Amino acid sequence: MENQKSFQTNKVLVIGGGVGGIRATLDMAESGRDVVLIDKAHSIGGLMTQLDRTFPTNNCDLCTLSPNLSASGREHRIELMTMTSLTKIEGEAGNFEVTLVTKPRYIDTDKCTACGQCHAKFPECVNFTPGLDHRAPTCMRYPQATPNAFSIDPDKCQDMEAVASVCKDGAVLLDDAVREQKIRVGAVIVAAGAEIFDPAHLDNFGQGAYPDVVTSLEYERILSASGPTNGVLVRPSDKKQPKRIAWIQCVGSRGIQKKAVSYCSNVCCMFAMKEAIVTRERFGDDIETIIFYMDIRAFGKDYEGYFQRAKDEYGVRFVRSRPHSVIPDESTGALVIKYCPEDGTANEEENFDMVVLSTGFRIGKDLRSLAEILDIDLNLHGYAATANLDSIATSRPGIFVCGMFESPKDIPETMVQGSAAASCAMQFAGPLSDADSVADTDLEDENGTWEFAVEDEFPPEINVEGKEAKIGVFICDCGFNIGGILDADALADYSKTLDNVAFSEMIGHGCSSESMQKIQSAIKSENLNRIVIGGCSPRTHETKFQDTIRKAGLNKYLVEMANIRDQNTWVHMDQPEKAMEKARELIRMSVSRVKYSHPLVEYTLPMNRDVLVVGGGVAGMTAALTLADQGFRIFVAERSGQLGGLAAGIKKTIEGEDVSTFITGLIDRVKNHSRIQVMAPCIIVDHEGMPGMFTTGVQTGPQMYYRQISHGITILATGALHNRPDEYLLGKHPAVTTQLEIDTKINDDPDSIKKWDTVAMIQCVGSRTADNPNCSRVCCQAAVKNALSLLDINPELRIFVLYRDIRTYGFQEDYYQEARNRGVVFIRYEDSAKPVVEEDGEGVNIKFCDPVLGRDVILSADCLCLSTGFIADDESTEDLAMIFKLPRTDDGYFLEDHIKLRPVDLPVPGFFVAGTAHAPKNIRESIAQAKAAAGRARTLLARDEINLGAAVARVDGKKCASCLICVRACPYNVPFINADGYSEIDPAKCHGCGICAGECPAKAIQLMQYEDDQIIARLDGLFERMN
Amino acid sequence: MKTESVLEKVLTSGQLAVTSECGPPRGALPDKVREKAAMLKGYVDGINVTDNQTAMVRMSSLAACIIIREMGLDPILQMVTRDRNRLAMQSDIIGAYAFGINTMLCLSGDHPKFGDHPMAANVYDLDSVQLIQTVKQMREEGIFQGGDKILNPPQMFIGAAANPFADPFELRVARLAKKINAGVDFVQTQCIYNLDKFEKWMEGICDRGLDKKVYIMPGITPMKSAGMARYMKNRVPGMDVPDEVVKRMAGVPKEKQAQEGVDIAVESIERLKNVKGVHGFHIMAIEWEQIVPEIVKRSGLYPRPEL
Amino acid sequence: MITAERKPLEEIIECIRPYDRILLVGCNECVTVCAAGGRKEVGLLASALRMAFMKEGRTLEITELTLERQCDPEYVEELVTMIDAADAVLSMACGCGVQEVARRYKNKPVYPAVNTKFMGASVSQGVWAERCQGCGDCILGLTGGICPVARCSKRLLNGPCGGSTSGKCEISDDVECAWQLIWDRMKELGIQDRYEEVMVAKDWRTSRDGGPRKIVREDLA
Amino acid sequence: MDKFEPVIVAFCCHYCAYTAADMAGSKRIPYPPNVKIVRVPCSGKVDAIHIMKALEKGADGVYVAGCLEGDCHFKKGNLNAAHRVEYVKKLLDETGIGGDRVEMVMMSAGMGEVFAQTATTITEKIRKLGPNPAKFPSNRKAASNE
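Residue numbers (my numbering), protein chains in the order written: chain S, 54 to 1080; chain P, 264 to 570; chain D, 240 to 460; chain X, 17 to 162.
Chain S on its own, in the form it takes in the complex:
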């Protein structure tokens, strides 16, 4: 098989500890690779750790991210090197030698407990907040920092001994020195991120000059609970709460100001909206929020809805204009913004207390020199150059890029590239004998080691049987998410008063490694034997806390989470006292419940390593090939007769890449791959099982005969549909066509185009509408692409593009500029006043209202090209969602497990999604997601065993009346009456639904984790003080 080549090393180097780097690191580690993760900063986390919340869910990032962070700290295959940079790389893909240089931290991270003594002794010590503070002698970037240790800045520190003296743990290393080391790695992943544009020199905005003009990241820090103001929103100048805040978009991006870059920084629009919404959410009408923008670029999944909510629900004001200056009014101290509204009438002036500059990204000299060291090409904007259809591979084989350094992007896309990069890098590094290929199963140990290794690091379990419950309650304030609504400390105090509660404490961000340690030491010092966490949802964090207490020697099933955030403070913001009351109840319920918790063991089954890929488009084929090349057997189920999917209709990308040749290439490889079996036409008819042992029934072949596929993983790449709404005479008049059709015409029949003199295009046809609310993402660049190709054929052509917002995000902006330079006319229309199209012999007349002239204009065109975008393949996603039990978004795309951090994982374990079945995206993005899906799948495929968890049904033979009711009720026919004459349930087969327990007339069956006394105990807890 392809990867029978034996690897020369199992190591991969990841440069940059931002979310992308962490994702890649975790994926590779879980897939059995050794990873060295270096970051030049004091702790990993990157930019995201400085955000207060993220769009579109307004979750606290730290809460969602930090589990990953400390996970990377824990994973023993990962070597974490902070304050470290790469100085040299030699060799070639599969066998690089890299030289790493680590700066002195002057702190022994193993000894440092982050007690904060030094911090206290030097009141100057403040957390990292760019632009809002001066560096301090010791610095920790954010509360959940990993490693959780301070570091000392020698330049700022006059008296090192003084600092050393206050450290009772003797963690201060006076003679710490630069360390250099060489290591051998098979591949390198560059996740170095990007820098944020510093607008200080822009005198017209006076950032730096006027304290109340801040960058969006600074504003983020001000909002952040872990920020310099501890989340109290006051403006820097006079520490007063501002009444009017303005956001100015595209500062330093889209080529406006001096030193600005030409491209679009991609995330600033959402970023600003989020800040405005969070502000309104917290302060309501006390603070007015206005956003000055050129185009709102809300092109991501469900982002459009976020934009609408910002306007309609949160009353954020949007002004389409570019203010040219911010000038302080000496008398009032207010910041005056002068701007010219869209209709071009007289200049307006408005006063604000604070102005936020939405600054974009760029590549600074650090990154350029890193690129030099790595010897990889950069594109004209200084970002890592990659192939048109492969956003992961750099110009140098074996070196891959992900995240911001490839192009400006938001967190989910960074996550996608992180997983994709991991999946690519693993082709060049692996177990020295190819352990994880399905071919040779005799190497399971090799494969299993890391899992056991993880087990190994756990201490033996403390026996709690028969011991009276000593409960420890830990309350998270989760920054403002909980602490902003209710008094977390008071809640902690209240918890103390509950029966069996031996210890209770407010621990800020419970998921921070600092808090984790607090919990662990409390367990030891107070010898607690049951734990309750008052925080967020067990769905996202239970495993995290189970892990924590397990490390402290408690069985993982002795922890209980009270969801006082997602199901309390987030939904009862408007009535804080009620939220507090409910929080008390939820804590009572959990405390009362946890008394009845007892240690449980988990069950495992062997892993089936075959993969079912549903959908034979670009995404499906890419995912299939990626995994097949790594030695796995793949079944590709394609509903239609042939492979190719949506992209089959496209000729060229905007960058000019020949798509059709690329696709034919893909199809050939897939068809001829020894380990890929293509089933087309093929429909999925039934499905059952669990990750690692799925069985899916399909009908396929000319006779559509029924067969069953056994597989361990499922990847959904079922794509979307080209939208074709019944609008603007589409399909009724020959002159009216779509971007897709024109793309073909440009290739097949240029002559007829030569005859035209006017072409009109209408954007957002059938997108951003009531029945298809989201942005189709690709239409703007498609329009620009086609406009340019049309001009190549017929330079005399007059092209008018009627748009709502032009969303040529990232580097696409260049083509938008080019189009404008070459005379393409872009005219905006309001959703409320759509253009009207009437037929006019050969051509059509388009009537629309020109926003600048402010009156109706009629344009006659030889060709009207509609940007119709995508629509979810509702029919197939509905069926598949039904069969696979997967949730979908309102508009019919598959709903991922976590919109920020798990964009390719579906909520049902063992399921991954790629391509337009997830959301509209272009080919390049689909391919990246497909590789990511493969990478994520890989982490499961690396296992020998499936963990079935402990939630299995147990029968008490003494109580059982062998009535057969469970035997008949079980959806999986697991229970049977055994030789001893009572019902028996094989834990390895039990799916843990508990239906049998719910039906048993003798109450002889209990479902572990959900035993009757535990459920009743919850109710007792809820009601004990109520009556």
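Just so you know, the hints here were simulated from the structure itself, not pulled from any lab data. In this text the structure is predicted, and so the values were computed from the model without any measurement.
Keeping only pairs whose Cα atoms sit at most 20 Å apart, straight-line, the calculated PhoX-like set for lysine-lysine is:
{"id": "1", "chain 1": "S", "residue 1": "K364", "chain 2": "X", "residue 2": "K43"}
{"id": "2", "chain 1": "D", "residue 1": "K356", "chain 2": "D", "residue 2": "K246"}
{"id": "3", "chain 1": "X", "residue 1": "K105", "chain 2": "D", "residue 2": "K294"}
Following the hints, complete the assembly by docking chains P, D and X onto the known chain S.
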């Protein structure tokens, strides 16, 4: 001749016999019985007296039979096994015979569920077949079920009911055979409207030569209205009323429907006369006894033979 | 198996209205299997009764206990420790269990919480149907394994009667005609000819007509 | 006694309703705090006794929230649940507590809005029905003896 029964005489003489029935009143009204019986005088060879039919309490069949017998007519004692155990039934049979009642019909009876005493216990100590056996044993061997001798054992001409239409159809002939084995002498059938199906049943009987062992008298019930036709078709268990019959009834104006019903009855008799194995007719004019004479006349069964 | 059904709550409440402390006793045999009086039903009834009383402003103390088998003295003996703490016993067992408790605890009123229905078999999940009347003289051998005594509404031994329509009994469409079943089975077994043998009047002495019955196994007794 | 605030226990399936509740959270869709969620692996796990106990202990209303029909993560647990809820409704009618205090609802994981809306409708319904008669007015003591 096994008994003194007039019905037996007519049947053995090879002529077509005619019986009809009268339901006893739901009260101690001997005149009501006399009145009904009087209407039939001279037109029939025996008058069935029903036994709490459709499980509704009525004057006992035995009492009504005695009244009729005292008018010099020939009652046929109907007896269902639903309400009495074998002690009670045997004593009633002796009693009846003591009054010169010499013909009886053995039935299992409708389930109490249908009557006015759904809460009543359901005896069924015997079923109809076993009752036939019992009566036969009393007549031939002169002993009770308990085995003791009977002084002057009752000589009963034993009849039973048959329903050619009940399911399973393939069993209908066999079931009759069973009753024949048990010792039945004559059989009155359920009302016949589906003549074809009846004839099919008769064929089955003749094929097995059963027509030689028992006298079969198809039941004829004139319908008063289309409503009744429909009711019989849909509501009465084991009743087979073909659609064309219902249509035909409904086809004529209300006031003419009764007449139509009579016509159908007469035509049926005319047709069935010629069917092999048919030895007479049992005309059940439920609560419409006065019509019986007309039917008997029009179907040429009048006058009744003097024997 | 013996089948039973919970009595209407109202009836139960009336029985126990005079009392404050009830001992509610289930049985882990038949009534558990037919979901009428096992631990679960005991729990449900207890809960329902408590609420019904609370509603009237009264507190009803209910002790719940489900015995392995309520028709055996040894098991019923287990109640001895808690019987005094109760004003009355409410039994969810079949009639046998109720009587056993009454026999053992002479001075305690005992009330049945279920109606004992019949000896039946489960047709499907949650459905039970009558199969045997315990006539004491089994004739299943003659009737193709389907009992006319228990399953024919008129318990005809020489059925079917004229009321049999398309396999259903005249009393209701959801009652199968036993004799249709018997006939079908006879055909299956190829013993149709047996059908015409008249089945003579049954001797009901072996049934409860012969008075309360008893089995004595000398070797065990 | 001040304005009556019903206490409602919602048994929520981990795979749908509970997730929907979290989604309502992240979308900040408010609903009455009266609703207290108890997480279960499948609505089919919810025993009739759990529903009765909740009411007995003082809940004014209870509902079981499972996956949409045909969507049950465990094939048909939501149907088992629906049947049990029906059974409990009858029992409660007999008890005089009223079966309308108990409901079965179905939704998918994506339906944050639906969750909030359902919580609101049910809360309002129970508010109209008034306090659980087993709890008020005469005998709050009785109930707390539990």
